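Use the sequences and the hints to build the structure in full.
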Amino acid sequence: MTRVLVVDDEPQIVRALRINLKARGYEVDTAPDGRSALELASRHHPDVVILDLGLPDLDGVEVIEGLRGWLSVPIIVLSARHASGEKVAALDAGADDYVTKPFGMDELLARLRAAVRRSVPVEEAPKIVTEAFTVDLAARRITRDGADVRLTPTEWHVLELLVRNAGRLVGQRQLLREVWGPSYETETNYLRVYLAQLRRKLEPDPSRPRYLITEAGMGYRFEP
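Per my numbering: the sequence shown = residues 1 to 224.
These aren't lab readings, by the way, just hints derived from the structure by calculation.
Distance windows between CB atoms, simulated:
id	residue 1	residue 2	range
1	A166	R24	28 to 36 Å
2	R68	M1	20 to 28 Å
3	A110	G54	21 to 29 Å
As the structure is a prediction and not an experimental result, all values here were calculated from the model.
Backbone N, C-alpha and C define an ideal beta-carbon position, used for all residues, glycine too.
Okay, structure coming up:
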């Protein structure tokens, strides 16, 4: 069974999530604050975490950073904070998805299923070797000039989707939907920011990209 850790200080939300998740065969642990969440995670090793940012003791971003120190499972943020900066901070800290309150239970469960699918190791995941860098999807590792390249979780998700579709155009909406979720399909500025970051880290000449190609108005393509 997939074990879900729900971290939220609103009893009605916790109750609704517990009922819906258990009805669909998930094991559920709950924590009302950040410290309890970190302790539960260390004892029970969840397969996925649903986390509120507005906790009574720690900020949710601190909890994400604490979990990411040793845990690689998907983290879905569930928060009333709508500001773009809050979302980017959570995603850069290591969250895999961001759902704003109030939320639809069906959408949240769909995102949960998608996050769990993405976290399952894929056998024979491709290893792409270019003249500038190497991407090992199975090991979730990138090397350039003999050294590891550190990517944020969001940068990794964008690159992984492009690498798995090497040579093919990946549309803007598909990228936004797969990485950030269905409600972000028009946030094309996210893609410009993250592709620029990836080019700075991977391209020999970021101003003239060789590997991460923009198809104006359509999407992006990875050319190995």
